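Asker: Per the working numbering: the sequence shown = residues 232 to 437.
Where hints are given, some of them may not hold.
What the hints assert, rightly or not - Result set (DSSO-like, lysine-lysine): computed pairs, CA atoms no more than 30 Å apart in a straight line:
no.: 1; residue 1: K380; residue 2: K414
no.: 2; residue 1: K258; residue 2: K436
no.: 3; residue 1: K315; residue 2: K436
FYI, nobody ran anything at the bench for these hints, they're computed from the structure.
On a predicted model such as this, the values are computed, not experimentally measured, just so you know.
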Amino acid sequence: MSQTSLFIGLTGGIGSGKTTVSQYLAKQGIEVLDADQISRQLTAPNGLAMDQIREVFGDTVITPENALDRDAMRTLVFSNPEVKQRLEQIIHPLVQQEMISQALRLHHSPYIIFDIPLLIESINRYRPLLNRICVVDCEPEVQIERVKKRNGLSEQTIRQILQTQASRETRLLYADDVIYNGKGISLDKLQEQAYNFHIQWLKMKP
């Protein structure tokens with residue numbers, strides 16, 4: 232694989248502020264490839280993942296428009312934990328393939344952000360691809376409070392989500408760079424940290 236830009240993996244748990252960081256870097260003219268957005272495109276009407284999803288799960292999780300019925304799939308996942316793993320085995324390789332394809336066409340960006348919420352959970356898939364991994368870090372209790380305010384979810388639901396994600400300690404274990412966005416960090420301070428890494432990454436070569 233021939234790349235002219237540095238590939239930076241950006242990750243963080245729910246409510247960490249990862250999206251705020253990626254949006255800030257995009258405003259600096261940096262290309263951001265969003266794994267969640269690509270995943271939604273793959274499961275949109277006639278998306279590239281739909282044939283495989285139908286083959287594995289049947290028509291009960293497909294809408295009349297030939298898109299993924301997210302409510303039906305969510306119900307299926309809750310009733311059978313193996314379903315989530317089988318769905319990820321379809322989606323994750325396609326997301327990775329599309330991200331690589333897009334990244335190799337973006338010659339004008341000095342570095343490229345791979346915004347991947349489940350990067351650490353898929354570390355063996357992505358680590359060989361990335362030059363660096365940047366973790367947006369904060370305390371779990373801060374995550375819970377933020378998601379409560381933002382999404383209106385119950386604390387129990389948020390804790391269940393956190394249990395499905397990599398732990399804070401595991402994320403930090405794989406981090407080359409850490410942006411701290413926990414207790415006492417203002418938006419200005421978060422952006423200042425992002426800017427400092429932006430300047431560092433501009434100077435690096437793939």
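Asker: All hints, please: hold or fail.
Answerer: Hint by hint, here is what the structure shows:
1. K380 - K414: The hint holds at about 16 Å.
2. K258 - K436: Roughly 21 Å separates the two Cα atoms, so the pair holds.
3. K315 - K436: Between K315 and K436 the Cα gap is close to 37 Å, so the pair fails against 30 Å, i.e. violated.
Hint check: a violation occurs at hint 3 only; the rest are consistent with the structure.
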